[in-house]
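A.B. asks: Chain by chain, the residues run as shown.
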Amino acid sequence: MGNNGRRVGIGVLLRVLVRAFLLQASWSFERMQSLGFAWALAPALRRLYPDDAAFDERLRYHAEYFNTQPYLASFIIGAVVRQEESRAAGNTTGDDIQALKESLMGPLGALGDSFFWGSLKPLAAVIAAAMIIVGWLWGPLLYLLLYNFWHLGLRTGLLFWGYASSGDAVALITGFNFTTWARLFKAVSLAVAGAIVGMMPLWSAEFRLEVPASAQGIALLGAASTILMLVLMRRGGSPIHLMLGLAAFCLALAYLGVIG
Amino acid sequence: MIAALAGGVIGLDRTAAGQFMVSQPIVAGPLTGLILGDVMAGLLIGALLELIWVMDVPVGTFVPANQTVAAVAATAIAVIGSGGSAPLSAIGFVLLLTVAMSPLTMIVETAMRKGNARLGTSLFASSGRPAAAALSRAHLAGLALFFAKSFLLCLVLVPAGLLALEAFERLPAVFHEAMMLFVKLLPLLGVASIARKLSIRIFDRFLVGGFLLAAVLGLAFAVSPAVIILLAVAAGWMGVRFHG
Chain S
1 MGNNGRRVGI GVLLRVLVRA FLLQASWSFE RMQSLGFAWA LAPALRRLYP
51 DDAAFDERLR YHAEYFNTQP YLASFIIGAV VRQEESRAAG NTTGDDIQAL
101 KESLMGPLGA LGDSFFWGSL KPLAAVIAAA MIIVGWLWGP LLYLLLYNFW
151 HLGLRTGLLF WGYASSGDAV ALITGFNFTT WARLFKAVSL AVAGAIVGMM
201 PLWSAEFRLE VPASAQGIAL LGAASTILML VLMRRGGSPI HLMLGLAAFC
251 LALAYLGVIG
Chain D
261 MIAALAGGVI GLDRTAAGQF MVSQPIVAGP LTGLILGDVM AGLLIGALLE
311 LIWVMDVPVG TFVPANQTVA AVAATAIAVI GSGGSAPLSA IGFVLLLTVA
361 MSPLTMIVET AMRKGNARLG TSLFASSGRP AAAALSRAHL AGLALFFAKS
411 FLLCLVLVPA GLLALEAFER LPAVFHEAMM LFVKLLPLLG VASIARKLSI
461 RIFDRFLVGG FLLAAVLGLA FAVSPAVIIL LAVAAGWMGV RFHG
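Listed in order, the protein sequences are those of chains S and D.
This note's numbering numbers the first residue of the first sequence as 1 and each following residue consecutively.
This note's numbering numbers the first residue of the second sequence as 261 and each following residue consecutively.
Keep in mind that the hints are not guaranteed to be accurate.
[As the list claims (entries may be wrong)] Below 20 Å or equal to it, Euclidean Cα-Cα: the simulated SDA-like pairs (lysine to any residue) are:
no., chain 1, residue 1, chain 2, residue 2
1, D, Lys457, S, Val231
2, D, Lys457, S, Leu228
3, D, Lys457, S, Ala213
4, D, Lys444, S, Gly118
5, D, Lys457, S, Gly118
6, D, Lys444, D, Ser345
7, D, Lys374, D, Ser345
8, D, Lys457, S, Asp113
9, D, Lys444, D, Pro347
10, D, Lys374, S, Glu64
11, D, Lys444, S, Ile240
12, D, Lys374, D, Gly320
13, D, Lys374, D, Pro318
14, D, Lys444, S, Ala224
15, D, Lys457, S, Glu206
16, D, Lys374, D, Pro347
17, D, Lys444, S, His241
18, D, Lys444, S, Tyr255
19, D, Lys444, S, Ala252
20, D, Lys457, S, Ala252
21, D, Lys457, D, Val319
22, D, Lys457, D, Val468
23, D, Lys457, S, His241
24, D, Lys444, S, Gln216
25, D, Lys374, D, Ala404
26, D, Lys457, D, Met315
27, D, Lys374, D, Leu403
28, D, Lys444, S, Glu64
29, D, Lys444, S, Leu253
30, D, Lys444, S, Asp113
31, D, Lys457, S, Met233
Don't read these hints as lab results, they were simulated from the structure.
Only chain D is shown next, with the shape it has when bound in the complex (with noise of 0.2 Å):
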């Protein structure tokens, strides 16, 4: 219940309210992991998800997954199920589980939007009454029906999920070790998956400019990982600034 009511309020910034991002699974899982006692494994779950999914954005009257259902839905999971502290296998189980999530919150995400369309119906049948208060009542009937569908997806997703990964806990170690390594690979599908809506090029001299520049600073300098990252910054900034 707290974490379906934790995906309610969250869920309110992805459209309806704000939208600063909160909603977003690197936020998302980490508070969701904070509320249930187990930072870690939310910001485990939403970095992954972040970069595996931060280039499936709402153009036009596209309605991507909802990826912060999945955030909160997988955290909660891994938490719950694991007694307060996830160990990385059942990390890796639940986010193999969001690939089942996120068609399910796309559907109920685009049916809600469809119904939607009737909440402006009694301002247009009003004529003749005040319009004000029929707009602001329609308006934010919007917002309780954003946190319902988040509320909801969540307080189904969470018992299935903690059934599966009842059954999963089950499983012979060879699971077990397999979805610890998925954990170690995903990051790695992450930075594939931003390239390929990033740049056209498979060697996009951005890309192999900043693995050059990690991997010389990194392992024959022995330059510290945060240094590494703000130096990309800057080459990827001065790459612009110089040579366009």
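Just chain S, with the same shape it has in the complex (with noise of 0.2 Å):
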């Protein structure tokens, strides 16, 4: 079963980065990431274990659960490749490794959305969107720009730093700031969110409010709205109420010929 030592090569790693873009493809309420998890680290176990019952029963083995945030997986799939060279070497067990994913899933799952989902996303989203509220038009490329700058840095970074590191989560962390760099993020998302509202008598044509009314009022006018909003969902309205609500709003000025 051994393989003596053997390293699987940049060119395997690159072959299981690849693959770690389709984690998600056979996602389930039941198996989650896991059979994504074993698909992408194949190419790694085919080369650490030529023997095909081998290599079969560690596929089956890394397909029974597996779910974190799908690009800090990298950091894990990278970390289990080096745990699997060591185990195919005789040096760890596979309770090690069970260990270890199991060690590293909930935490950079939790880091994961926070820094991802909770703040890079809304960030790229506000300016994109501040972008094209006022009439320039490149926004989704600007979105598109922002985000994977840091996906695709950090996706396939983080691979090769769970394999270097052998999955040392600690030197991750303090080695990359996401608490802070997360808390930044949301600031400067609010700042530019509240810029939108001050800018709305800037707007562009589609947006533009057609009153009779100064800028300054509009401004105003705009921002007692986002905030009349704004309780409302603290008191528990969704977005869509919000919306429906909205449109009725909409609908009894045009009725009594406030607008139009």
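Assembling the complex is the task here: the two chains are given apart, and the hints tell you how they should meet.
C.D. replies: So this is what it looks like as structure tokens:
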């Protein structure tokens, strides 16, 4: 079974990385990302276990259960490849690898959700949407560039980091401070969101409000309306409720002849 | 059919493949608009849906409404239903239609992910036979299912939406005026939606600071909006760096 200390090599690691982009192709409530995890590892396992029976056993082993934030999964995949090298050489047991996976899945899932979904995504969205609202139509491209600079950089780098560090999560968290960056991105998102309202009189023609009021009056009206919606949301209103309420409000204004 | 294919392909990026965010409404909307001949409609629909729904995220086992399908279908309905160039009232109406689409996409998405549990069965049942081929088949079948889900949703939602838009176009002018105003006010709902999730305060200092910066520079000093956005980014950044 052993491979006498064989390393998988950069070519195999790159194949694993490419496959990691399809980690969630068969996502299900029961097994979550487990099939994708085993499928991504397959090139490395094939390299380490030339014997078919051993290879099949490792594939089935890794297809049992896996779930974390899909981008930070790269770190765990890299770490597991390194651990499998060690196991194939007879230095690590399967239990150690399972323990490593279990210890990383939850924390990295929470960290990744907070960083990517909770701060980077709104940052890219609010900047790009602000650009579109004021008439700069390359917003979608800016969105993709802003987001994928971090996404691709971290997703790629973390696979090699996980491999090199054998899954040292402490080194990861001290080396890249996800929490600080997330706080920064949230603050910037809020500042740009506020600027969207402050620029209301300068919005592009499609969005500009045509009402008999000064520019300052329109900006203040926008701020008051936003605060009202924010208060309603805090009291349990969902975006769906507010969209319906807003549509009804607009209809009432049109019916009363306030607009049009 | 073209819109459904676009929905199917773009929808893969949402969960199954890559997650480069091409599937987010702000990109999926204009892409659909580009394919169908009206980028502007897609841009407006995409930007607004993005702002409103960006904080609806897939954490743990929570499956949010599929805003990719909503953006693609809404853009297709607006563009096809308006004969190539969607007026603002039609854009407002299709945005309102997404309210009805969202729960349906959530139900279908959840059902499909429950069904995906069957994919691994062959792998675990085939003990003694090569696992790699069974794994590849099962995993890549999931990709096909994700495509089929978005494709079929668009295939159902777009014709249904076109019928609704046709009915809307026959309504009195007052409804059209209302939908135009609706589009103009939706960015404020988007800002409220983001602020609600990013801060526990109603008068968050960054939100208020961004508002004041934009209002003062834009209205008193006629600074261009693009520069204001850059300055808001810098102000937020420095606010955290130097004042925590």
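A.B. asks: Hint by hint, which ones does the structure fall short of?
C.D. replies: Checked against the structure, the hints that fail are numbers 3, 4, 7, 15, 16, 20, 28 and 30, while the rest are satisfied.
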